[in-house]
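Visitor: Here is what each chain is made of, one letter per residue.
There are 2 protein chains.
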Amino acid sequence: MALVERSLLGPGPSNAYPEATAGLAAPMLGHLDPEFLAMLDETGNRLRTVWGTANQRTLPLSGTGSIGMEAAFVNFVHPGDVVVVAVNGLFGERMCDVAARYGAEVVRVDHEWGTPVDIERVLAAHPAPAIVAAVHAETSTGVRSDIKQLGAALRERDERTLLLADCVTSIGGEQIELDAWNVDIAYAGTQKCLGVPPGLAPFTVSERAWQHRVEKPTTWYLDLGLIGNYVTGGASGGRAYHHTAPTAMVASLHDALGRIIAEGMPAVATRHREAGEALQAGLQEMGLELFAAEGHRLHQLTSVVVPEGVDSADVRKQLLTDYGIEIGGGAGKYASSVWRIGLMGQNARLDRVEMLLGALKRVLGR
Amino acid sequence: MALVERSLLGPGPSNAYPEATAGLAAPMLGHLDPEFLAMLDETGNRLRTVWGTANQRTLPLSGTGSIGMEAAFVNFVHPGDVVVVAVNGLFGERMCDVAARYGAEVVRVDHEWGTPVDIERVLAAHPAPAIVAAVHAETSTGVRSDIKQLGAALRERDERTLLLADCVTSIGGEQIELDAWNVDIAYAGTQKCLGVPPGLAPFTVSERAWQHRVEKPTTWYLDLGLIGNYVTGGASGGRAYHHTAPTAMVASLHDALGRIIAEGMPAVATRHREAGEALQAGLQEMGLELFAAEGHRLHQLTSVVVPEGVDSADVRKQLLTDYGIEIGGGAGKYASSVWRIGLMGQNARLDRVEMLLGALKRVLGR
Chain A
1 MALVERSLLG PGPSNAYPEA TAGLAAPMLG HLDPEFLAML DETGNRLRTV
51 WGTANQRTLP LSGTGSIGME AAFVNFVHPG DVVVVAVNGL FGERMCDVAA
101 RYGAEVVRVD HEWGTPVDIE RVLAAHPAPA IVAAVHAETS TGVRSDIKQL
151 GAALRERDER TLLLADCVTS IGGEQIELDA WNVDIAYAGT QKCLGVPPGL
201 APFTVSERAW QHRVEKPTTW YLDLGLIGNY VTGGASGGRA YHHTAPTAMV
251 ASLHDALGRI IAEGMPAVAT RHREAGEALQ AGLQEMGLEL FAAEGHRLHQ
301 LTSVVVPEGV DSADVRKQLL TDYGIEIGGG AGKYASSVWR IGLMGQNARL
351 DRVEMLLGAL KRVLGR
Chain B
1 MALVERSLLG PGPSNAYPEA TAGLAAPMLG HLDPEFLAML DETGNRLRTV
51 WGTANQRTLP LSGTGSIGME AAFVNFVHPG DVVVVAVNGL FGERMCDVAA
101 RYGAEVVRVD HEWGTPVDIE RVLAAHPAPA IVAAVHAETS TGVRSDIKQL
151 GAALRERDER TLLLADCVTS IGGEQIELDA WNVDIAYAGT QKCLGVPPGL
201 APFTVSERAW QHRVEKPTTW YLDLGLIGNY VTGGASGGRA YHHTAPTAMV
251 ASLHDALGRI IAEGMPAVAT RHREAGEALQ AGLQEMGLEL FAAEGHRLHQ
301 LTSVVVPEGV DSADVRKQLL TDYGIEIGGG AGKYASSVWR IGLMGQNARL
351 DRVEMLLGAL KRVLGR
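Protein sequence lines, in the order shown, are assigned to chains A and B.
Using UniProt numbering, the letters of the first sequence map in sequence onto residues 1 to 366.
Using UniProt numbering, the letters of the second sequence map in sequence onto residues 1 to 366.
Since the hints were made in silico from the structure, they are not lab data.
You may find that some hints are simply not true.
It does not matter which identical chain is meant; a pair holds if it fits inside one copy or across any two.
Straight-line distance between alpha carbons at most 25 Å, and here's what the computed SDA-like set of lysine to any residue pairs gives [to be verified]:
#, residue 1, residue 2
1, 216, 18
2, 216, 333
3, 148, 80
4, 361, 323
5, 216, 97
6, 216, 80
7, 317, 42
8, 148, 242
9, 317, 38
10, 317, 26
11, 317, 295
12, 333, 225
13, 148, 128
14, 361, 42
15, 216, 81
16, 216, 362
17, 333, 112
18, 333, 258
19, 333, 32
20, 216, 90
21, 216, 157
22, 333, 232
23, 333, 208
24, 148, 159
25, 317, 296
26, 333, 161
27, 148, 287
28, 317, 263
29, 216, 103
30, 216, 79
With the rest of the complex left out, here is chain A:
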């Protein structure tokens, strides 16, 4: 059967950077091989660079992005802890589910989808929560929230509350400064702006948060104490086997991060911004309405209102079959009234913009 080639311009996965594909296909190493461990260390360093953090505990977890969310709650929620969750889309919604499974007393701060997190309302929701959780770039709506300002406000109020940020769709697509923003726990995915296939969840935790972790979480697989003994070395400095690291995926992430850092994170962010701005301008010129609130729109992921009288699924199907272009539907109640168009990683390029605009114009007959 012939292989099918797609332009993955949905909310992720995106097409991989060529370096990521080459990394996947490179000769395999064992998970205890000194060469592999050096690569794992360097991957940690590169994640620190891209994320703007000095956290020692910065590592790729062995699962897709969602496993990062799970690890963030299972390792840091003590039963009965108050966790304030800013909900402005599907992934904030999911945080509430996950946190509750681990015994948190969840305080939701609901927002209209398409709008950014309202920091005042989050602060007012509880005077002294154990954790405040928010999504930096909401994949479900295409909205960016101001994590920097949220972190500053929280730290001004007290020294105790931990700030947890979902960076799945922001990492590698825009400048992030976790340490300067006072973020304590963050997770991400590889399949968006990092330009790596899905399968790993970059994760980082501050020393302050580490002191408040759950000593023996219910999960064995995501027990950060055990994983840390392998990835960053135990108290004795040695590395203890925990589970077999997904070596090919780590190599792929390592090589994609190398490429991003060689290009320079500021330049990569600019590339994403320019592609996103060109796309958004082009869509509006076509008479389409953008879904996310102005001033808070992601460049790497654009949400578009499906015009009246147009069948969302038909358009997506036609783009896929006639042009090999995948774009996404909306999430939740916006499933059929919003499209999501991603220009992430390797796809954050002007040629992709023209290709998508041209194809969409034809399909919509505009």
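Add chain B to chain A, keeping to what the hints say.
Guide: Same frame as chain A, now just chain B:
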């Protein structure tokens, strides 16, 4: 920096089948693309073939082998359930840890490492446990246990007890007939005899076990009810997005399984047996002692006693640096007194046997 090529002859990961590597590097598909969903369905079919089961719920979980163990317990242990675990190596040991985290009353049946599971003792441990768990092929010791006989004995006693089998090192390396053996829950890894890089955990569950699952497990990521809605379709037949499937890894597994099935599972099992027998004969001719009990030795993974006066780590290091060959040390208290040599998947070949025997002979000066 030059890429390093290794012969991965330890307890896993093993070198990938060429088809698996090609699958990794094929053009990426989105996790909701019809082409990808067809590939996922076919991967389920192929897993059913290799595992000898008709279970509808047969799928690759998005993590390494250990996530299969976690999923097996978190989804089927109700707090207070009696779980009898046959412990004859590291992975039986780990099952006790994982089961206890989810509230099981664990009844351990300890065996000397290197020996197979004693079915009479397992049966005698408790008259009516909720689950009996055992490892088919113990990666830590190189021992095979008779899961078929265990299943028959359990089913003869009652209809209620679920049988859970770890197939991480057996899948794809020997004939398995889960349905005929009365296994209810099984998990595996991709990086051993399936010849795929680490990163997925094949998983299967019988209808009988499904009826006894935990409706809302603590984990969100491994909630089989939610995952099933995506992988096998929900009650309505539609597929609901859960998490982004690791598409490149699934393609790799799909292609390696295709190759195994084309060769034929009986032929693949014979290839593993012949390679293992040749290795074990050669090691004994060299005057080395095998660790696993005779008559219960795996062909795909051979455990060898490190000879008196020989430094285990030195030998492994010399094999790695001078020959590019990775073999494993022992596990647990046998870390430095046992070597583990795997001939799995692509490496279950006579040329690998000669290469390893020749190199080991030189290094040991025999």
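Visitor: What hints, given by number in increasing order, does this structure fail?
Guide: 1, 3, 8, 11, 14, 16, 18, 21, 23, 25, 26, 27 and 28
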